[in-house]
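Going line by line, the protein sequences match chains A and B.
Take the first sequence: its letters are residues 22 to 96, numbered as in the working numbering.
Take the second sequence: its letters are residues 778 to 1162, numbered as in the working numbering.
Certain hints may be false.
Stated by the list, open to error - Straight-line C-alpha distance at most 25 angstroms; calculated SDA-like pairs for lysine to any residue: (1) B:1110 x B:1124; (2) A:48 x B:937; (3) B:1046 x A:46; (4) B:1110 x B:1099; (5) B:791 x A:92; (6) B:1046 x A:79; (7) B:1110 x B:1094; (8) B:937 x A:79.
What the hints assert, rightly or not - Restraint ranges, calculated between C-beta atoms of paired labels, are given here: (9) A:32 x B:1076: 55 to 65 angstroms; (10) B:1124 x A:56: 15 to 25 angstroms; (11) A:56 x B:1069: 23 to 33 angstroms.
As the list claims (entries may be wrong) - What the simulated footprint calls covered on chain A by chain B, stretch by stretch (three residues with Cβ under 8 angstroms from a Cβ of chain B suffice, anywhere in the stretch; the number is not a length): (12) 26-37; (13) 51-60; (14) 63-72; (15) 75-84.
Hints are computed from structural coordinates only; laboratory data are not their basis.
The C-beta atom is built at its ideal place from N, Cα and C for all residues, glycine as well.
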Amino acid sequence: MCLALPVQVMELLPDNMAKVGLDGIFKVISIALVEDVTPGDYLVLHVGYALAKIDTEEAQRTLALIREATLGGAA
Amino acid sequence: MKYIDEYRDAKLVKDIARQIEAAVDPARSYHFMEFCGGHTYAISRYGLEDLLPSNVQMIHGPGCPICVLPIGRIDAAIELAIRPEITLCTYGDLMRVPCSNGLSLLKARSAGADIRMVYSTLDSLSIAEAEPNRQVVFFAIGFETTTPPTALALRFAIAKDLANFSIFSNHVLTPAAIKTILENSDVHPLGPIKIDGLLGPAHVSTVIGTQPFEVLAEEFNKPIVVAGFEPLDVIYSILMLVRQVNDGVHKVENQYIRAVTTLGNEKAKCEIANVFELRESFEWRGLGAIPHSALGLRSKYAKYDAEKRFEMVTPAAQDNPACECGAILRGIKKPSDCKLFGKVCTPDSPMGSCMVSSEGACAAHWIYGRFRRQGKADESWRTVA
Ligand code: SF4
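Work the whole structure out from these sequences, hints included.
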């Protein structure tokens, strides 16, 4: 039950709610726990609430770092 | 889906596995505990253990909130739910956990108790609003991830003046559990357990940040890498742990930097602090009583606290003596060491809590791990680029 998923914000709704999408499925969730949400943002969704924003630059940097680690390969 | 598929690149996963193979010192062994059930699930589902050199071993930890909740707490919830005026709301995972007298929440519901599965605390508030004549109790469970949603539900209930809503809090704290495991790793009566480093929880850390783990890494000389839940996150974090062990360092590193910061989510932490206070002590299945390891409602919210409002008592309940969940949650035994595994205990008829949630070590091993030797692990992800 700790599984949480990245979702993308489609639309901001009143009362700190937002419509989000995940692979063509749409859901209304609470964004009361995160600051400065705008449509297009990616959020970590857990039990109906966004817990964090996904930092897209850091996401790319992590991937770049991992790819780098496989270069200059050993073995 | 963005931020999922990219982290399931099978070729990269295998490349990193080769890096691990090249990095390990063949003269020593590496034992890493994944605290979180989410990691246990990923390791089983993607067959990551098969990609690791034989001297790198993963130990499943207690990070599944369903698995660590003692039976007595569910017994207490059932006792409450059978009262005619009560509607008990809870997350679906809890429904099938076997408790005393052959009961479970699901069986109690079949016998007439008003127990409803909800996806979110918001659903339980809607029920309380729609049915003012019922006493709606939210059976709250989980680590730091599910705690802010419970805290917000209480705040909303107060704002809406919902007099028929209350919370049965079973929220527990990750750092306290990790500390207990590390403190007792050499001396526990069930046997010693070697831990060279830890995969730290990802989503818990979105809330509390990486900072609370720093003192643990320091005190116990163990590297901790906060790791995301996709296969590439997990395997790369294992490489980060191997490197720390080789270098003789014990830092907290953040692999899941795309969602986790050092201090976490201040807003969420604030919501928790406003509503909850530390319990002196709380009983964990498999780990025993751990001081300051759980949260109860602050006394100013006593009228929303189901334990006080309905004078609930937690009966002392015995686990099934043949079930090895306790040793499995401590990382001392593996699911296949349990005599009941796959015989009388399966996800369809679980005997212990570790077989209930997909993040439980027994369920994860039953669904994916047991096929490993027959080459039937979930291979579908490997085709995703
Ligand atoms: S297989 Fe079933 S009975 Fe055995 S430890 Fe796991 S949950 Fe308990």
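- [ ] Mind listing which of the numbered hints don't hold for this structure, in increasing order?
- [x] 3, 8, 9, 10
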